[in-house]
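Student: Letter by letter, the chains look like this.
Number of protein chains: 2
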Amino acid sequence: MNAIIISIGDELTSGLTIDSNAAWLGRQLAELGISCPLQLTIGDNQSAIVAAISQSVTQCDILLISGGLGPTEDDLTRGSVAEAIGEPLVTDQVAMGELEAFFRRINRTMTENNRLQAMRPISASCVKNSCGTAPGIMARLGKTQIFVMPGVPKEMKAMFELSYKPLLQAAAGGVVRRTMALNSCGAGESWIGARIGDLMKRGANPAVGTTVHDGIVSVRIYATGKPAEASAMIEEMANTVRHRLGELIFSADQIALETVVVQALMHQDRTVTTAESCTGGMVAMMLTHVPGSSGCFKRGWITYSDESKAIDLGVDPELIKKYGAVSREVAGAMAQQARSRAEAHWAIAVTGNAGPASDDPKNPVGLIFIAIAGPNGGDDIYVRSCQFPGDRQSIRLRSSQMALTLLRLRLLGLDPDAILPV
Amino acid sequence: MNAIIISIGDELTSGLTIDSNAAWLGRQLAELGISCPLQLTIGDNQSAIVAAISQSVTQCDILLISGGLGPTEDDLTRGSVAEAIGEPLVTDQVAMGELEAFFRRINRTMTENNRLQAMRPISASCVKNSCGTAPGIMARLGKTQIFVMPGVPKEMKAMFELSYKPLLQAAAGGVVRRTMALNSCGAGESWIGARIGDLMKRGANPAVGTTVHDGIVSVRIYATGKPAEASAMIEEMANTVRHRLGELIFSADQIALETVVVQALMHQDRTVTTAESCTGGMVAMMLTHVPGSSGCFKRGWITYSDESKAIDLGVDPELIKKYGAVSREVAGAMAQQARSRAEAHWAIAVTGNAGPASDDPKNPVGLIFIAIAGPNGGDDIYVRSCQFPGDRQSIRLRSSQMALTLLRLRLLGLDPDAILPV
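Heads up: the sequence lines are chains A and B, in that order.
Just so you know, we're using the numbering used here here: the first sequence kicks off at 66 and counts up by one.
Just so you know, we're using the numbering used here here: the second sequence kicks off at 66 and counts up by one.
By construction, these hints were calculated from the structure, which means they are not laboratory data.
Each residue gets a CB set at the ideal place from its N, CA and C atoms; glycine is no exception.
Now the in silico label distances, taken between C-beta atoms and shown as ranges: (1) B:Gly455 / A:Pro486: 32 to 40 Å; (2) B:Thr305 / A:Asp381: 55 to 63 Å; (3) B:Leu479 / A:Asp445: 45 to 53 Å; (4) A:Asp424 / B:Ser296: 37 to 45 Å; (5) B:Leu477 / A:Arg180: 51 to 59 Å; (6) B:Thr305 / A:Gln158: 45 to 53 Å; (7) A:Gln319 / B:Pro429: 21 to 29 Å.
Not the full set, but computed from the structure, chain B residues with beta-carbon under 10 Å of chain A: (8) Asp75; (9) Thr82; (10) Ser85; (11) Trp89; (12) Gly346; (13) Ile367; (14) Ala407; (15) Gly420.
Below, a sample of chain B positions facing chain A; criterion: calculated Cβ distance under 7 Å: (16) Glu76; (17) Gly80; (18) Ala88; (19) Pro102; (20) Leu105; (21) Ala113; (22) Asn178; (23) Ala349; (24) Pro356; (25) Phe362; (26) Lys363; (27) Tyr369; (28) Ser373; (29) Pro421.
Bound conformation, chain A alone (with noise of 0.2 Å):
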């Protein structure tokens, strides 16, 4: 069984809204297990509406369509759905009294442009808007299913849960899509690609695939099968991907990186500080995102100058004349000086060059070193070296997100680079 998905609205075409509505109803099929190849944006405009209709109908078993149900001049769908279908629209006099109710309830004059939106094909029903005033519509064109909801997201939402979602897990046989994603950060897309590319295979089932999402390279697998079978299909291919990319992986689905450190703290009751140079504060405010962080977060530096590495941290101010803030001995100094001033088990420092510019060679933009001071004091200290793409803000995030995965591979007592790419 497969579906395609039209929304309708000029603020859809030219940009001003982002459509929302079929992403949603694309996730509500996916886990329902009917696919879904297309989804259509169109415009206020009704001859296209009716061409889309006329065509997606020979594609698809079921088609559902949000948006221009409204009371206004550019809300063209119920009559492009009549058009497509060959038939009148006539008043549904439920809908009617509905409409009419629903007015004197919050008391308002109704216009006669409300009266059209209680019109529907004769030979289709109207569907009732359990948050606003639109009704939808049910229609059948040849073999295909029209399932028509309001553009308004809350109103689409109800319309889809309360009146259609029950008839499409009855047609779709209890056969569903169930969906993992296993995230990773420190090794590219191509790298974790050339590991697990034999099992991307096209129309696979399970199928694999990656996507990146602001630095985080998630595995995705996908399995449809009846709800037990994909499941475990599901927990099998995940086995198999956790076993060739290890550590790497640091959850699944929305679990963030900041919170799986922030969990692996506060389960080994250890707390840890930050001083951070060229990302300002980001590991720290990422740390402090997840509800709880102050039971292993006490207290952190933003140590931006020379001067403040050295007064608030204690660094030896030699040492950065020596080195360079921006480098490995610095980072080591400032994460040493950071976990012995907080009195914390762990510090993470972060130094770099996060650009715009730069102006020593020797420090090119996203030149960033990372320092982990552990709890085995003096030498317990790794320093990593990095060299990250992109622009000011992409590299500050990158080495906040590698600051924390360095974090997490050192509460499991794990070498950063035996798991990491070099």
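Starting from the known structure of chain A, fit chain B onto it as the hints suggest.
Tutor: Leaving out everything else, chain B in the frame of chain A:
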């Protein structure tokens, strides 16, 4: 001249990712006066992509395609374009050279899959990707010009701006749509609506509307006409809006709040420091996002625990005991102490409860105190108490934005209480 936009990726049709590329491109086309009656979203399926390209070129002058140019098995756009045109893929030597240079620069080994990214249909050309590995493709099929871009939004936008927009501009000629956004922070959308509602007539030219994005309320002005006409209409309406909203407007278009604050500090030759509790480094992070911020920001503190407020900043522990860490008094003392320790002209301090839970009815979730200590010493402290709605993340963001807004107004010599709604 008209265009069709195709977005490619299973993550889009399955709703895992919301397609923001099509909306952004739609906006760009609207500004160029190019109509875009149709947008398509297609999964990773070569025959579906080929069919969509073949059909689209019969309906449009310009075909914009984003996504599916990555280095993995499920990236099918390159091959699909070649198949639609009916040509083999060949390696583009310039693109290959750039790819090789990219991998040398970031010190990583190039995989075989990456090499595929330098391929193009024989009559097409590769287009430079200024911030990623995947080159774009520019091709022609019949009368239609095809512009292919990567799916990563940043890479897509950069490629469109640098390579495709100039071509489209030259081709479009005539009537354009100009837009301007006037950005505000500190008052709600309905408060602003009450002051400019009469300007927001439907279908007017210029048209005025408001949008809210991440706590910033923007008044958007759209004007359609010949370039000089449209610009003049925008300018006149912008003056009216600025007259109504005064210093609440902090910038136009893409200029961020933190950029305005850093520029004001640099212009006045002043420095700032930060002492953050619940925002955990976010204020400092925002300031240091701005290139060149090291000129006005040298150091900051994240004092998450009561102890660190006392030790690192020197806030009197008795004060914390008496009023609690979330209080007007402690916020003021944090700012005063930070300013003095950092030897800065200005200091921002934030303390509050960002949630998710509160164990003290006097400190409900969302209660935040923000203090600004100014260059006139002892008594020059402004403290504002705020009650923000939303979840932890949005409370932290709004607190940080309000802190920057308060400093911005103080830098203008204004009393925030005279400008912002109470």
